[in-house]
Amino acid sequence: MARNLVCDVVIIGAGMVGAACAYYAARAGLDVIVVDRASVAGGTTGAGEGNLLVSDKPPGPELGLALLSERLWRELAAEQFGAAIEYEPKGGLVVAQDEKSLDALNAFADGQSRYGVHATTVAADSLSDLEPHLASGLAGGVFYPQDAQVQPALAAAHLIRAAAGSGAKLRSAETVTQLLRTPSGAMRGVRTSRGEIHAPAVVNAAGVWGGEVAALAAVALPVLPRRGFILVTEPLPRLVRHKVYAADYVADVASDSAALQTSPVVEGTASGPVLIGASRERVGFDRAVSLPVLRRLAAQAIDLFPVLATVNAMRAYVGFRPYLPDHLPAIGPDPRVPGLVHACGHEGAGIGLAPATGRLVAQLLAGAVPEFDLTPLRPDRFTAASMRAEAEAC
Amino acid sequence: MLIRRRSKAASAPRTPEQLVGARPEPAFALHIDGREIEALPGHTIAAALWRAGIMSWRTTRTGGEPRGVFCGIGICFDCLVTVNGQPNQRACLVPASAGDVVTTQAGTGREGGGE
Amino acid sequence: MNGAAAKADRELRLAVVGAGPAGMAAAVAAADAGIAVTVVDSGSSVGGQFYRQPAARLRARAPQRLHHGWRTWRALKSRFDRQVSAGRIRLLADHHAWFAERIGDEYRVHALIGPEQQHSVIVEAGTLLLATGAYERVLPFPGWTLPGVVTAGGAQAMLKGSLVLPGREVVVAGTGPLLLPVAVGLADAGARVKALIESADRRSVARLAPTLAAHPDKLAEAAGYAARLAAHRIPIKYGHTVVAAHGRDRVEAVTVAALDAKGQAAPGSEVWIPCDSLAVGHGLLPHLDLALTLGARVEEDAVPAVWVDSEQRTSVPGLWAAGEATGVGGAALALVEGEIAGRSVTAWSQGPQRAWLDEDHARDPAWSHAEQKRRSLRGFFAAVNAAYSPPASWTTRLTDDTTICRCEDVRAAAIRSAIADDGANDLRTVKLLTRAGMGWCQGRMCGPAVAGLIAERDGNGRATAIATSVTAPSVTAPSVTATSVTAQRPFARPVPLGALAGLDQAELDLVAVDGAALDVAEPDVAGQEEESTNE
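Residue numbers (our numbering), protein chains in the order written: chain A, 37 to 430; chain B, -18 to 96; chain C, 839 to 1373.
Hints are supplied without guarantee of correctness; some may be wrong.
[Said to hold, decoys possible] Each pair of labels, with its calculated beta carbon distance range:
#1 A:Q116 / C:R1045: 55 to 63 Å
#2 A:G203 / C:D1098: 50 to 58 Å
#3 C:T1237 / B:H12: 37 to 45 Å
#4 A:L296 / C:R1201: 47 to 55 Å
#5 A:A290 / C:G942: 30 to 38 Å
[What the hints assert, rightly or not] Chain B is nowhere near these chain A residues, computed Cβ spacing over 12 Å in every case:
#6 D44
#7 Y151
#8 T156
#9 R230
#10 E270
#11 R274
#12 P309
#13 V319
#14 D409
Simulated from the structure, these hints should not be mistaken for laboratory data. The beta carbon of each residue, even a glycine, is placed where N, CA and C say it ideally should be.
One chain only, chain A, in its complex shape (with noise of 0.2 Å):
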């Protein structure tokens, strides 16, 4: 590199969150460079089904910033992304396969809806209006109109030429090797596998290796990485309609066992596969294809849509969710580290939640204070302690 570049604010990651991030802050006049090792959503975004979810999320900051994100996602498709991005408001229907869980489920729903999210009950009788092959015999369910869907890795694409319209640059396959500090120790920019970036922000937007950055500033932040898999179908005619889920899956996205867990989430897309969903574990970053769950997930589809049954699967992949111990990411400055702000560990929610990240961290970016209380997901709360129960439970 003949010279170092610099500007206002290195991004690291051309994920969702990083796209999101580089978006806001170019329009918000900021000088933005983009650091990805790969190129666009080459990690965890371009692994998911690209949901934009409340329904998934129980009263607490998560589902603050899932409400405030679905507000952003509707404006960004109708001020310029909607299709290019496959932008679907389709609304998520949430099963239940007896009584007990229908009520449970029931319960859920009335404690979100005190803080705004749209939650309509459907009656056993009214599922299959909402979605004529769904299976027969289930309980009921409730259908949330404010669940969306957008193509992942089109969206931070086109979010990042976005951001470049604004000026924002995308540096891909370079790598960051190094967080540079002034003799005070606050952020001073980025040495990568090119040369050297000089800015006096850096954005920590590199997902599931979220904690691999934050350690080359010596700073600890436990981002471990969660692993699902997604099996994809040939292309169908519109079968499913919603994206579809049983009601435990809510139970298993809060579990804290590292032991595999498989629920039903299925979903039709634009373009015309069915996404099946969802597995958990906690298993490194193995990208082994493991027989046993893609059959789980399989039979739990046809449970929910036995139509699919001599439908063909056509590729399965993996993924890597990026979380923290207590399930909710890490958005906001380092107190440790000046300049060092962090927008990762999202879990399974990072495209959905993307949006609110990426203009909170611009507000914070421009010296503005954050319309949203970014207390609880400050970066630093995690103990000592606590890393280490976790680094065990591992």
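Model the placement of chains B and C on the given structure of chain A, informed by the hints.
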């Protein structure tokens, strides 16, 4: 031997069957979109269609372009066709049987079974 | 036979995926040494692509007229059949392997039973040989999706297996030695082959002369093809390429142009050739899906191929590979590699981790003979593959509206945009942003073209190297197992969700299949031993 070596292209056989001295078992009929065509025992669906001069039996999902056999060995999935109501069969792999009902496909091949 | 199958539980068993030359040779070598072998193949009979036979009920009395190396085939087939009759080889024909896994010391191959492919069975064995063969690479050009444009190997397969032709007036084009038998075979069968368009120039093919001279059998084969091309009055145009196929509902003509030193179509050299079909191919690519799923090392030389040691062992214990899966080199090489693999498996059966090498094979004449033959043939095909590499600058002939991904109808413009505007520099990112490679064939057809477009941007091939990293990177150890033309595909072919969901019952199915499968060995259809014009 009944088949003698032929040394000159000028006297070459005019068909593949003549080349290898084939005496196929009796032909049978199958239907494609209601039209009856003749197939030979041992043929795949694709072979039967080629023999009847039919080179395409599917249109693509987005562009509506005609497609037929491309790779001929089951890798490319271009020759997908509906056989006896089962969509997305590879014509180059599925053996033809007497009375088969072959239906040309459009889109995903499952539109009729969808919404 | 059920008794023998039950007894086999305590013996070393070998599963072979692929009943082409390599798989058959390995199966026979292992079975001769008393190993219980199960051969899984998607075809209705053995032989693979190279020895594909006319369907039995077509009752071809002289199938050798479509083949080269007939006597070798007859010998292999009769050895194979004898072992099937003896119960040492179990042939599972019409079984489409879609997944392989290693559980403890056992391999499991999952296969769908054809033709419906709605039920899956499991083949379990202590050792596994992948003889999965190759498929054809076709580099796109405008019009290549028209009906009547088929792969050269596909035209040959349809002819050999079903005795049908893609048309009456055929142009054969692309690059590689496969084009010669395809053109001759089509002409023998009555097609008018209007031209053989070979992109390699005459000089690079001529440079093969010393290599050929060192292989008299190959020289005779080449001379034989030249004579028969002449007899059929088929013109060969070296250093030419099909720049476009034309037609509405099927191909009606192709435009052929001369290539200049940079691989560009020379202006003014275009010739219009009316035809009703085009058989086109640019060399072969190994099937790597099962090998990648099992974690076997894959290396990219001329093409990505499974790495094997001197005994055809892969990097994974108990897993062998032979034939085109380990590098494209034709049937004769596949046969000798298969034999070496089969003997190596036999040595393994003598004790844990034993190798043929440990059996003092250096003094075994069979070893030195096989080893020498393999080295010679590999050398020969290295020279051939170098002479017939696809033309440089071929991507410049891709107009923006040329279809690249046939399944998802993705055009060159969209892929170029993802590369230029989004910084996509690997197959996976291009796939995510454009859908190229997401369709039914899972990128097998478009992979080489997308890799070419990525390389086109840099112009110096730098992107080709980056394109090898198709799996998501991790900070510590980027898993660069896949290559520029192969994304890792966990399923070697689509599998019905019902079959996947029912896997816990699949073993029960296998018992039922066992008895039936033993009767699959098809009757010998070609009784005659007449000397073929092909030999």
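For each hint, the structure was consulted:
no., hint, in the structure
1, A:Q116 / C:R1045: 55 to 63 Å, "holds (56 Å)"
2, A:G203 / C:D1098: 50 to 58 Å, "violated (42 Å)"
3, C:T1237 / B:H12: 37 to 45 Å, "holds (39 Å)"
4, A:L296 / C:R1201: 47 to 55 Å, "holds (52 Å)"
5, A:A290 / C:G942: 30 to 38 Å, "holds (34 Å)"
6, D44, "holds (42 Å)"
7, Y151, "holds (35 Å)"
8, T156, "holds (22 Å)"
9, R230, "holds (38 Å)"
10, E270, "violated (7 Å)"
11, R274, "violated (5 Å)"
12, P309, "violated (10 Å)"
13, V319, "holds (33 Å)"
14, D409, "holds (44 Å)"
Violation of the numbered hints given earlier is confined to hints 2, 10, 11, 12; the remaining hints are satisfied by the structure.
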